[in-house]
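Engineer: Each number in the working numbering comes from the position in the sequence shown (counting from 1) with 8 added on.
Keep in mind the hints are simulated off the structure, nothing from the lab.
Note that beta-carbon positions come from the ideal geometry of N, C-alpha and C, so glycine has one too.
All the pointers check out, no bait thrown in.
With a straight-line cut-off of 30 Å between C-alpha atoms, the simulated DSS-like cross-links for lysine-lysine are:
#, residue 1, residue 2
1, Lys-255, Lys-240
2, Lys-207, Lys-229
3, Lys-237, Lys-48
4, Lys-118, Lys-181
5, Lys-191, Lys-48
6, Lys-118, Lys-284
7, Lys-255, Lys-237
8, Lys-48, Lys-38
9, Lys-191, Lys-38
10, Lys-181, Lys-240
11, Lys-48, Lys-240
12, Lys-118, Lys-207
13, Lys-38, Lys-84
14, Lys-48, Lys-118
15, Lys-229, Lys-297
16, Lys-240, Lys-191
17, Lys-118, Lys-191
18, Lys-237, Lys-207
19, Lys-84, Lys-107
20, Lys-181, Lys-191
21, Lys-48, Lys-104
Just the calculated beta-carbon pair ranges, DEER-fashion:
#, residue 1, residue 2, range
22, Glu-286, Lys-38, 37 to 45 Å
23, Lys-104, Gly-132, 18 to 26 Å
24, Glu-281, Lys-240, 20 to 28 Å
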Amino acid sequence: MKFTKYKKFKLFARRNFPMTLNRIFILLRKYDRTYGGELKLLNEIVDLLPENSIQSFVDIGSGDGFNMSSSYFLVKSGRRGLLIDGDPIAISHARKIYKNLGSTTIRCLKLNPGNITRVLSDAGYSHVDYLKIDIDSFDLTILNQLLRDGFRPKVFSIEINERIPPSIYFDVKYTRNGRYNSKVIYGCSIASANDVASKFNYSLYAIAYNNAFFIQTSLLKMIDPAFNKSIKDIYLEGYVNAPERVKLFPWNSAFDSWMYADSDNLLNEIRSEISKIEPNFPIDLGIVKQ
Numbered sequence: 009m010k011f012t013k014y015k016k017f018k019l020f021a022r023r024n025f026p027m028t029l030n031r032i033f034i035l036l037r038k039y040d041r042t043y044g045g046e047l048k049l050l051n052e053i054v055d056l057l058p059e060n061s062i063q064s065f066v067d068i069g070s071g072d073g074f075n076m077s078s079s080y081f082l083v084k085s086g087r088r089g090l091l092i093d094g095d096p097i098a099i100s101h102a103r104k105i106y107k108n109l110g111s112t113t114i115r116c117l118k119l120n121p122g123n124i125t126r127v128l129s130d131a132g133y134s135h136v137d138y139l140k141i142d143i144d145s146f147d148l149t150i151l152n153q154l155l156r157d158g159f160r161p162k163v164f165s166i167e168i169n170e171r172i173p174p175s176i177y178f179d180v181k182y183t184r185n186g187r188y189n190s191k192v193i194y195g196c197s198i199a200s201a202n203d204v205a206s207k208f209n210y211s212l213y214a215i216a217y218n219n220a221f222f223i224q225t226s227l228l229k230m231i232d233p234a235f236n237k238s239i240k241d242i243y244l245e246g247y248v249n250a251p252e253r254v255k256l257f258p259w260n261s262a263f264d265s266w267m268y269a270d271s272d273n274l275l276n277e278i279r280s281e282i283s284k285i286e287p288n289f290p291i292d293l294g295i296v297k298q
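Produce the complete structure using the sequences and hints provided.
Structural biologist: Written out as structure tokens, the structure is:
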């Protein structure tokens with residue numbers, strides 16, 4: 009009961025006094041406000057890389073750059089970064105949080121495949137070491153556009169729809185009038201993310217629940233020549249069998265059967281979820297050929 013009351017108090021405080029909480033965490037030097045070990049995994053990767061490999065970053069879907077974001081830690085560790093989000097309130101909080109940190113550029117923008125490369129170039133971030141994408145919608149479309157335009161971070165992470173196993177291609181596409189407010193049908197599957205990444209010589213390294221981390225294949229071979237994990241093994245390790253999955257993602261319990269479902273049946277279930285939003289939802293959907 010006490011724990012429940014504490015959680016309710018935290019939720020109330022987060023909704024009503026977000027900046028006060030942010031200042032408290034910063035004063036206590038509790039900079040890791042990511043969910044499910046995202047920053048921990050990023051730090052593990054940074055430690056594997058040659059020294060000073062990660063000196064710049066871009067955070068697409070940054071929110072306030074503190075909660076659910078690795079950006080504040082990266083900046084406090086001496087890196088320069090670009091934060092982009094389309095929420096004016098979140099960006100106003102970010103400007104306050106980063107007010108005295110001069111190595112950060114902050115933009116309030118609605119991104120799409122047509123403007124993303126220009127936005128990064130205009131801000132002076134055409135070449136960065138780490139890229140993070142988390143916009144809860146057409147994430148993979150943004151990534152694909154950047155890679156097609158020659159953007160080559162050493163490491164990138166992208167939010168995946170963790171409910172969908174590696175047997176399914178699933179990718180929400182960008183449309184000018186698209187609806188992207190579904191809590192179930194969003195983002196991309198790990199298979200779709202891996203498919204795009206591999207075409208540009210990136211390898212899936214690990215998953216932290218709903219965030220997939222990729223490293224340039226040549227760089228990964230250099231730092232870990234014996235690395236040979238399959239996408240299925242990484243999904244099982246980073247999500248399905250992860251020790252706190254049930255605790256951290258209780259809302260996914262209704263979809264646990266998807267992790268083990270027959271591919272044809274799962275496609276029908278996903279289509280059923282799509283039909284609840286709109287019949288012509290912009291999405292690529294299919295079965296991965298074995």
